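A.B. asks: Listed below are the residues making up each chain.
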Amino acid sequence: DIQMTQSPTSLAASVGESVTITCLASEDIYGSLVWYQQKPGKSPQLLIYGATILEDGIPSRFSGSGSDTQYSLKINSLQPEDFASYYCQNGLSTPWTFGGGTKLELK
Amino acid sequence: QVTLKESGPGILQPSQTLSLTCTFSGFSLSTYGMGVGWIRQPSGKGLEWLANIWWDDDKYYNPSLKNRLTISKDTSNNQAFLKITNVDTADTATYYCARIEGTMMVLFDYWGQGVMVTVSS
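So the sequence lines, in the order shown, correspond to chains A and B. Residues 14 to 120 (the working numbering) make up the first sequence, in order. Residues 86 to 206 (the working numbering) make up the second sequence, in order.
FYI, nobody ran anything at the bench for these hints, they're computed from the structure. Values in this document were obtained by computation on a predicted structure and should not be read as measured data. Each hint should be verified, as a subset may be incorrect.
As the list claims (entries may be wrong) - With a straight-line Cα cutoff of 25 Å, these simulated SDA-like cross-link-like pairs (lysine to any residue) come out:
no., chain 1, residue 1, chain 2, residue 2
1, B, Lys151, A, Lys55
2, A, Lys87, A, Ser23
3, B, Lys90, A, Glu68
4, B, Lys151, B, Lys168
5, A, Lys55, B, Met119
Turn these sequences into a full structure, and let the hints steer you where they fit.
C.D. replies: What follows is the structure, given as structure tokens:
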């Protein structure tokens with residue numbers, strides 16, 4: 014099974030700053046990496062798929078990069094609504110595992 | 086407009102069978118490439134994928150739950166179902182269903198609001 018390891022598990026930042034969250038797959042997932050955002054009490058929302066493709070309606074301050082086993086989610090110029098939890102997901106093969114999550118908090 | 090909504094018993098006792106229903110609109114599970122997945126999240130914890138079912142009735146399960154899971158669908162009524170047998174307190178969580186579109190990569194593009202399930206004696 015492919016394991017997904019996210020880091021950091023939590024992160025404190027200020028509005029206007031930029032942050033990067035990383036996701037490491039235990040084997041090559043050939044770019045089949047998916048990112049979700051989850052706000053407290055809400056369902057997860059699809060942000061990015063195929064490692065780099067922004068879902069419709071997602072602001073351009075979000076971007077994804079990476080290949081093989083290493084992937085990143087970058088958020089530029091943090092807005093108040095960006096403080097949430099973020100999860101990566103293996104989109105390549107079953108079991109379609111999620112990373113443990115990164116909680117982005119306001120400093 | 087794609088929507089999904091989960092329903093379930095709310096509370097059940099250890100060793101019982103949990104039955105969940107996902108009622109959706111805006112897509113059909115008879116359309117090529119469409120699927121529905123179930124994901125759960127214990128309070129304050131991360132997401133755990135449970136099972137997927139596709140338009141062609143192909144099914145996949147999380148091996149960590151061994152043989153406790155059964156996923157099914159009713160295409161005519163736009164519903165998908167998940168059963169979990171022999172539940173215990175570790176199955177207490179919010180359960181989500183989500184749409185899957187496409188066959189090259191599994192991603193969950195629309196999610197239901199989730200249903201809370203508590204296992205308690």
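A.B. asks: If a hint holds in the structure, say so; if it doesn't, say that too.
C.D. replies: Status of each hint after checking the structure:
Under the criterion of a C-alpha separation no larger than 25 Å, the hint pairing lysine 151 of chain B with lysine 55 of chain A is inconsistent with the structure, at around 29 Å. Note on lysine 87 of chain A and serine 23 of chain A: the hinted pairing holds, with a Cα-Cα distance of about 15 Å set against a maximum of 25 Å. For the given pair, lysine 90 of chain B sits about 22 Å from glutamate 68 of chain A by alpha-carbon distance, which is consistent with the 25 Å threshold. A distance of roughly 13 Å separates the Cα atoms of lysine 151 of chain B and lysine 168 of chain B; the hinted pair therefore holds under the 25 Å criterion.
For the hint pairing lysine 55 of chain A with methionine 119 of chain B, the CA-to-CA distance comes to about 24 Å; that is within 25 Å, so the pair holds.
Of the numbered hints stated above, the single one contradicted by the structure is hint 1.
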